[in-house]
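Number of protein chains: 2
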Amino acid sequence: MALIVQKYGGTSVGSVERIEAVADKIIGYKQQGNDLVVVVSAMSGETNRLTELAKQIDPRARGRELDVLLTTGEQVTIALLSMALQKRGFPARSYTGGQVRILTDDAHNKARILSIDADNIRRDLELGRIVVVAGFQGVDADGNITTLGRGGSDTTGVALAAALKADECQIFTDVDGVYTTDPRVVAEARRLERITFEEMLEMASLGSKVLQIRAVEFAGKYNVPLRVLSSFEEGEGTLITSDDNEEDSVEQAVISGIAFNRDEAQLTINGVPDTPGVAYEILGPVSDANIEVDMIVQNIGADGSTDFTFTVHRNDYEAALEILQNTAEKLGAREVSGNNRIVKLSIVGVGMRSHAGIASRMFEILAREGINILMISTSEIKVSVVVDEKYLELGVRALHDGFDLADDSEE
Amino acid sequence: MALIVQKYGGTSVGSVERIEAVADKIIGYKQQGNDLVVVVSAMSGETNRLTELAKQIDPRARGRELDVLLTTGEQVTIALLSMALQKRGFPARSYTGGQVRILTDDAHNKARILSIDADNIRRDLELGRIVVVAGFQGVDADGNITTLGRGGSDTTGVALAAALKADECQIFTDVDGVYTTDPRVVAEARRLERITFEEMLEMASLGSKVLQIRAVEFAGKYNVPLRVLSSFEEGEGTLITSDDNEEDSVEQAVISGIAFNRDEAQLTINGVPDTPGVAYEILGPVSDANIEVDMIVQNIGADGSTDFTFTVHRNDYEAALEILQNTAEKLGAREVSGNNRIVKLSIVGVGMRSHAGIASRMFEILAREGINILMISTSEIKVSVVVDEKYLELGVRALHDGFDLADDSEE
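Listed in order, the protein sequences are those of chains G and A.
Mapping to my numbering: the first sequence position 279 is 392, numbers consecutive.
Mapping to my numbering: the second sequence position 248 is 361, numbers consecutive.
Worth double-checking, as some hints may not be accurate.
What the hints assert, rightly or not - Just a few of them, taken from the derived set where beta-carbon distance is under 8 Å, the chain G residues facing chain A:
| id | residue |
| --- | --- |
| 1 | T164 |
| 2 | A174 |
| 3 | E178 |
| 4 | T185 |
| 5 | Q188 |
| 6 | L193 |
| 7 | A197 |
| 8 | Q212 |
| 9 | L216 |
| 10 | A220 |
| 11 | L444 |
| 12 | G445 |
| 13 | V449 |
| 14 | G451 |
The hints are simulated quantities; they were obtained by calculation from the structure and are not laboratory data.
Since this is a predicted model, take the numbers as computed values, not measurements.
Think of the CB as a built atom: it goes at the ideal place given N, C-alpha and C, for glycine as much as any other residue.
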């Protein structure tokens with residue numbers, strides 16, 4: 114008998130019919146002898162409806178009252194799901210974030226969880242009840258309603274699992290797990306049975322939008338086993354655990370997946386005097402304009418000057434280019450150039466740490482296909498390259514094939 | 114400078130435009146130097162939408178989870194109204210029933226208020242804030258969300274006014290006050306400037322559905338001056354106060370209003386043995402069938418037997434008649450008869466207490482119009498008669514005219 118925290122997102126509870134289906138699914142787990150705490154989001158469309166109402170009143174609505182408004186969305190779902198469970202003869206009890214109580218800081222619209230008082234939930238579980246908790250919401254120390262920001266329901270699930278020392282936190286979504294790469298690009302892409310928190314973070318931030326990054330960080334920090342599953346299909350999903358978990362029992366693949374990002378743009382400033390603080394002088398004005406910078410590389414030029422390249426979201430390309438041209442004038446740089454028709458391809462895997470030559474194998478695979486690499490960046494468990502956007506599918510397929518990801522014999 | 118509690122119902126806040134209009138109205142009162150606590154209902158249609166969702170899950174949905182669901186309706190309104198006030202530059206703060214905290218018993222769906230902790234509200238008022246409170250809801254001692262039952266927002270307003278010792282509780286509705294009778298029947302019907310709690314109770318229960326009866330009782334008990342006003346028009350409305358309030362300053366009218374009820378049906382059992390307990394033997398089976406009995410009269414017959422007549426809602430007529438026929442057989446009564454084409458007319462007024470002959474003047478007025486009286490019932494401040502339904506308009510107009518209600522010279 115295990116204690117499982119499950120989280121169902123907005124699409125999974127998007128209609129009365131789907132809520133009924135979720136109730137059936139929950140009861141299946143219950144009947145296997147598990148204790149269940151279920152976190153739910155607002156029914157899909159509801160948060161948008163409420164946001165729209167707020168905008169009609171005040172286009173800049175935010176803060177305390179926006180949280181009071183938006184939290185009604187999940188409150189509706191917890192009530193309906195509890196009714197559906199009760200109708201099936203299973204005692205159930207709903208809790209708002211404030212009722213649990215999920216204590217947060219007072220940063221309305223983007224609060225962080227400080228602590229969870231899980232006593233009520235434990236008592237309900239002892240009484241055999243299924244507990245249904247509103248995701249995305251909490252209260253601050255003064256009893257004001259707060260929200261964790263959009264998508265925060267994943268974080269609620271993980272935080273509850275940590276507080277209750279649950280055996281597993283299961284995130285039900287519209288995909289059936291984490292894949293070696295996007296199946297729409299590579300038909301042979303394979304669902305991973307297991308992946309580490311670190312790999313998941315690299316995969317998520319690189320564009321495989323399965324889980325909220327914050328929830329994965331939280332799960333890693335508190336070592337909560339996290340499982341991504343489909344709301345609509347049967348299956349084991351993908352289990353996300355810490356690096357060390359059962360290391361011996363699984364033959365670790367060198368590379369877990371190929372991530373990619375279409376929305377990149379590259380900017381380069383050439384011939385910058387190579388003096389201390391020059392990186393800040395270049396990137397300071399960009400971040401002052403609230404433009405997020407992704408990859409950054411700096412090469413030393415031949416003449417004691419330096420070349421500096423970075424990538425931004427494609428939507429920010431024009432604005433970043435204008436800022437960089439101003440900076441170039443100030444610094445007396447030789448030239449500014451840019452390219453908004455590029456993409457980023459990354460190989461991710463903790464096995465990289467113990468295997469030499471992974472990066473060069475990646476470059477070899479790409480070279481064999483005649484794909485020119487414009488920029489390279491590496492981390493402990495990831496190698497990213499920037500290439501012309503026309504090579505995206507070709508590059509991903511070549512890497513997926515070259516690293517034998519379609520072959521599941523190692524699992 | 115006064116402390117005013119205002120309550121706006123579902124129609125008054127039925128759209129974003131109406132919420133904006135309510136915000137303007139509130140600010141008008143605020144700018145006159147008043148402190149304001151505003152109670153709001155769910156936007157019209159919202160409670161029905163939520164109830165419908167619950168019914169799709171479980172047609173018999175009720176109890177704890179239904180309250181969790183329905184209370185989201187008012188929570189949406191308090192957030193939107195607070196945003197509208199803030200947008201206009203007026204600091205405002207919303208509270209759910211649980212946040213206030215409005216402590217109730219644990220009778221879900223029909224809870225009663227036990228106490229109100231108004232400390233937060235007082236602090237907000239001292240800081241110059243307008244306080245916006247969700248009507249209809251509270252929490253029990255264990256923190257479970259409760260509702261006061263439909264229409265309970267009036268009660269929330271009155272209870273808050275009592276707890277805060279407010280100078281007045283203003284109920285904004287879609288009529289501009291309490292009238293001497295229904296203006297759709299008597300064009301000359303006049304808005305009353307003032308009426309007592311007792312009169313209002315008689316008027317309300319007799320069919321002038323302006324205020325929730327429970328709220329009027331509550332206001333009377335705690336002596337909270339209650340004012341009914343229009344959300345949509347300017348005006349002083351009708352002030353409902355205790356009998357003794359400023360008695361000398363107002364020349365009390367003998368009759369305040371003419372109430373009537375179209376939905377009555379009359380049942381008579383003749384020739385019942387006049388023995389102790391016979392009333393219970395007749396009415397017991399009726400109330401066991403959950404049929405509410407309104408007027409009851411009993412006459413002593415000539416032969417030591419008795420005639421017994423009562424009225425029920427017209428919808429319950431057939432069921433009550435069947436029950437009565439069974440009872441008549443059991444009791445050996447002579448005859449059962451009924452009439453579901455009757456109506457009830459009532460004159461209401463505290464002035465009756467000190468003026469003799471009001472009832473006979475009523476009978477005289479009706480007789481002059483050739484209206485036959487089928488049944489009479491009297492109380493301290495009310496005389497009701499049952500007449501054939503075809504006389505309803507004629508009777509109401511004759512009484513309104515005969516008691517000089519159109520003439521407002523006495524106020």
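In rising order, the numbers of the hints this structure does not comply with: Hint check: 1, 9, 10, 11, 12, 13 and 14 fail, others pass.
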